[in-house]
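Q: One-letter residues, chain by chain:
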Amino acid sequence: MQEKPKLGRILIVEDDRKTADALVLGLERGGYQTILARSGEEAFFLVHSKQPDLVVLDLTLPQRGGLEILAQIRAHSNTLRVLILTSHNSVDDRVTGLNAGADDYLGKPFSFPELVARVSSLLRRSTGVSERSSPLKLADLTLDAQTRTVSRSGSVIDVTTREFDLLLYLLNHRNDAVSREMLAKDVWKEVSRFTPIDNVIDVQMTRLRRKIDDPFPVKLLHTIRGVGFILREPEQ
Amino acid sequence: MKFTRPANIRTRLAIWFVVILASILIVYIAAVIIFQYVLLERQIYHDEIQDVETVEGLLYFDPQGVIHLQENYHSHPQSRLLEDRLMEIRDLSGTVLYRSETLHGQILGGASSPDEGANSYNERSTRLSDGTRVLLISHLHPIQDKLVLIRLGYSMAPLQDRMVRFFLLLLVATPIGLILAGFAGYRIAKRALLPLDIMAARAESITASNLNDRIVVEHPHDELGHMAKVLNHLLERLEQAFVQLQRFTADAAHELRTPLSSLRATGEVTLQESRTESGYRESIGSMLEETTRLNQTIDGLLLLARAEATRSDGVKTSFSLFELVDEILVLVDVLLEERHITVVQDRDDGVPALLFADRSLVRIALLNVLHNAVKFSPDHSTIRIGFSRRESDGRAYQRVCVHDSGPGVAAGEVTQVFERFFTSNSPTTSKYSGSGLGLSIAKLIVDRSGGQIFFDMSVEHGAKCCIDLPLL
Chain S
1 MQEKPKLGRI LIVEDDRKTA DALVLGLERG GYQTILARSG EEAFFLVHSK
51 QPDLVVLDLT LPQRGGLEIL AQIRAHSNTL RVLILTSHNS VDDRVTGLNA
101 GADDYLGKPF SFPELVARVS SLLRRSTGVS ERSSPLKLAD LTLDAQTRTV
151 SRSGSVIDVT TREFDLLLYL LNHRNDAVSR EMLAKDVWKE VSRFTPIDNV
201 IDVQMTRLRR KIDDPFPVKL LHTIRGVGFI LREPEQ
Chain X
237 MKFTRPANIR TRLAIWFVVI LASILIVYIA AVIIFQYVLL ERQIYHDEIQ
287 DVETVEGLLY FDPQGVIHLQ ENYHSHPQSR LLEDRLMEIR DLSGTVLYRS
337 ETLHGQILGG ASSPDEGANS YNERSTRLSD GTRVLLISHL HPIQDKLVLI
387 RLGYSMAPLQ DRMVRFFLLL LVATPIGLIL AGFAGYRIAK RALLPLDIMA
437 ARAESITASN LNDRIVVEHP HDELGHMAKV LNHLLERLEQ AFVQLQRFTA
487 DAAHELRTPL SSLRATGEVT LQESRTESGY RESIGSMLEE TTRLNQTIDG
537 LLLLARAEAT RSDGVKTSFS LFELVDEILV LVDVLLEERH ITVVQDRDDG
587 VPALLFADRS LVRIALLNVL HNAVKFSPDH STIRIGFSRR ESDGRAYQRV
637 CVHDSGPGVA AGEVTQVFER FFTSNSPTTS KYSGSGLGLS IAKLIVDRSG
687 GQIFFDMSVE HGAKCCIDLP LL
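Those protein sequences? They're chains S and X, same order as listed. Residue 1 is where the first sequence starts when you use our numbering, and the numbers rise one by one after that. Residue 237 is where the second sequence starts when you use our numbering, and the numbers rise one by one after that.
Everything labelled a hint here was simulated from the structure, so no lab data went into it. Since this is a predicted model, take the numbers as computed values, not measurements. Treat the hints with care, since some could be wrong.
Dumping the calculated BS3-like pairs for lysine-lysine here, alpha-carbon to alpha-carbon at most 25 Å [stated by the list, open to error]:
#1 X:552 to S:189
#2 S:18 to S:137
#3 S:18 to S:108
#4 S:189 to X:611
#5 X:426 to S:185
#6 X:465 to S:185
Work the whole structure out from these sequences, hints included.
A: This is how it looks when you write it as structure tokens:
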């Protein structure tokens, strides 16, 4: 795979070593440059010296709490994006975090594809690059959001509303894995995390695959066991 | 002046007792004195009339026309001095014919009025010139054919004196009595409240480690006994809740350990020998699936905690049950289609059922129940959703029943299915086992919404889960 250009510089503030390592590895693989801070003091210093584009911030840190760091960041800069990543995951915690000036909030345990999706969304927002415009294309698959039509190899495919929304979402995240949590939240608009719809998603995905992949020799939609799904270009 | 309220009930009770007793005594003393005074005055009046009768017989005119009172009936001459009657005899023109020595020359009752004494005995109260109060009666009587006016009275001073002395006596005696009564009242109150102190001491010693301790009930039928029983019931409920919590914590630890051990075992086994790339992918994928399961269990526990903490004053809104059911059916529609399951709804009453509850929670409860039904239904079968209304304790409830054609609920498991982490031992259902929290979450939500959830065991096949929810 060719080396991608650096998409942005991310400061990761995380005291748990394993989580930190996974974040560094995962985000660098996703094409981002990363800087790691293991304490609040270090984070505060690095925010000023390294000028990151985005901070992934844990709330429970030694020495200084994440919210304190957030307040200090906000006192100096309103453009620096901050994504809170924490196990404090109640609605109240979210509200507190967002009110304190965070741009996004993700509860632990999180799915990595979701983190990547949010990071890329935040960085797009900060650089002003717009969403990929329609019609969306992937190989010979085309989706026109204006006319709400899907076609592959020139022949129109009849899809339901839900299937269309699902495909649109997958196309917007093409070449990136999407987790069931992301789909539940963004496509099915389920707010509660304890609604048993994982098998609804799986069945819906099977049906979508039946329509857009099964009749064609080249497969685009893949399941990554334990992670979720990915719609990607066929490998050459 | 600032009145500070005494801190303990004993003192307050004693003070109240004394204040009330004092008020009653004051009223009582006043009534007794007035009643006695009136009664004695009547007695004096009565005596005076008798005395007039006596005197009438003892009066005579001597040949010179001077009136005299015959006093030779005394056995001892000095006994005369004992008589304290005050008397004047007047002729009809008002001239005083006789005046008793006890008057010491004072006029008794002023000038005669025209028809004084005409009607038997006229009674009135008057004062002598020295200020003595006199109860006076006047009577006309002929003596030796000559009509005279007899005025006879007794001084009220001795009676008034006696009354004042009686009053003073009571004035001294009453406070002493009140002090004694107050002291006794305090002792009685202290004695009566003693079991409370014992109960308080006992209750204070009860902590999480000896929740099975109970307060001793000495007299089960009196008020304090009742109180002790109520406290014991409270302790019992607390103990049950505590035991449940302990069991739940143990269960939760166990439930979290199961996916953890699976994770660990998969990792260990995978690393014991080199594998192909797809072999590693397989193992890591399996481990990630376990983390999903772990995560779902934790989310379920958090949801339970949230529903548990929901008070009756939570975020309640009114919403249509029909709409909610439709919304859920749209969500699971793809599952139904895929497995060719038909859903038949029975809404024959047609009245839109408006519920009043936390919609997001009720949605989770209904979704869990319906999802269970879909999970256990065989392909090409039918799920029936029935709606009906019912009254209970004066409140209207909407019942919604979901009836599937799956293996059903075993008779012995009808209440167990709602317990946390329950998964059936029955071989027909064990292949469907999930996190074991779905139905307990549904039950908690329905309970907290003021309704109830149960399995209707009267059906011949399949499972019929019914939920009653309070109507708006």
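Q: List in ascending order the numbers of the hints, as given earlier, that are violated by the structure.
A: Structure breaks hints 2, 5, 6.
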